[in-house]
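*Asks:* If you read the sequences in order, they're chains G and X.
Per the working numbering, the first sequence starts with residue 1, numbered consecutively.
Per the working numbering, the second sequence starts with residue 1, numbered consecutively.
If you're looking for bench data, these hints aren't it; they were derived computationally from the structure.
The beta-carbon is built from N, C-alpha and C at its ideal position, and this holds for glycine as well.
Accuracy of the hints is not assured; some may be wrong.
Said to hold, decoys possible - Only some residues are given here: those of chain X computed to face chain G with a beta carbon under 8 Å:
hint : residue
1    : H38
2    : H39
3    : R41
4    : I56
Said to hold, decoys possible - Residues from chain X that keep clear of chain G, each with C-beta distances beyond 10 Å, as calculated:
hint : residue
5    : P16
6    : P48
7    : A63
8    : G98
9    : P101
10   : T103
11   : P104
12   : V108
13   : L129
14   : A136
15   : A155
To be verified - Cβ pair distances, simulated, as ranges:
hint : chain 1 : residue 1 : chain 2 : residue 2 : range
16   : G       : P8        : X       : A43       : 30 to 38 Å
17   : X       : E67       : G       : L129      : 54 to 62 Å
18   : G       : E149      : X       : R157      : 51 to 59 Å
19   : X       : L64       : G       : I30       : 17 to 25 Å
20   : G       : E97       : X       : D40       : 30 to 38 Å
21   : G       : H130      : X       : L64       : 27 to 35 Å
22   : X       : L29       : G       : G142      : 16 to 24 Å
23   : X       : E26       : G       : R51       : 37 to 45 Å
24   : G       : G98       : X       : A43       : 38 to 46 Å
25   : X       : H7        : G       : A61       : 26 to 34 Å
There are 2 protein chains.
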Amino acid sequence: MTPIKTHPLTAAAFAPFGDVLDATGEFRLINEGMCQRHHDRAALDFGPAGRAGISIFNAEARALPYEFSLVERHPEGSQAFVPMSEHPFLVIVAPDEGGTPGTPRAFVTNGAQGINFHRGTWHGVLTPLHAPGLFAVIDRIGTTANLEEYRYAQAWRVIGA
Amino acid sequence: MTPIKTHPLTAAAFAPFGDVLDATGEFRLINEGMCQRHHDRAALDFGPAGRAGISIFNAEARALPYEFSLVERHPEGSQAFVPMSEHPFLVIVAPDEGGTPGTPRAFVTNGAQGINFHRGTWHGVLTPLHAPGLFAVIDRIGTTANLEEYRYAQAWRVIGA
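With the hints as extra help, turn the sequences into a complete structure.
*Replies:* Structure follows, in structure tokens:
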């Protein structure tokens, strides 16, 4: 079982896979100065036949070390995960190498970050590290399956930092 | 100053104004049984010329009693607020009465709820009751102002339950 270390989630490291949704960087002051708006942070893409939707996911918490062999991607749409808690969660992604995923990478959020997977990005399933594993998910609503799964020949073991 | 009591946020009471985004009711089991998907919970509407976007709001926490005289609405789009914490927040809405807002109503969330204001719904500004006042906001991205404000002739005072 091949070990994978985790890395802190940063916008730069995550850029090939998607967007980090957090309250850093530029903002507009709104509501008479009482609120910072960090504007339009995600590259949303729901394809020609899809539309945006908000679903609520309630996932069981996992712990490190975490073993997996399955990843998935959504060929027809981006998928954003917004944690409804201040707990860090585990984010697993993999680069595409000619139609199949390469070596996975693992990130851990800082407790104040959401993410948006760009359309077609290979990723692991939702893996909160603390209960409740409650997330708002902004993804494509449509009539097609919009799901590709890939099982690696061997399992990976996310061991932490 | 006219007092307003708060009520627990429920889908039934909030229905004239928008959607409650939470992990109640029907779901699909996904990710090999490890995750409940409460599917497509918000009536999103970004008008003919808008598109969906995700912005991050960082608002100052307020406390009860809370006084206000200003409400607003977005004529061209719905607006969803997903708390990135488990803290309750205050939701102020008002029915439309011929183009101006009527008597406001105040709700307090249970710490595991987001909301989606339907297009054109009068509402107060974002009012977290605890720091950090961090929210993901799914609303209309477009080139028009998409904002109407209304200041009541007298202030209202939200006093709690």
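*Asks:* Hint by hint, which ones does the structure fall short of?
*Replies:* Violated: hints 14, 17 and 23.
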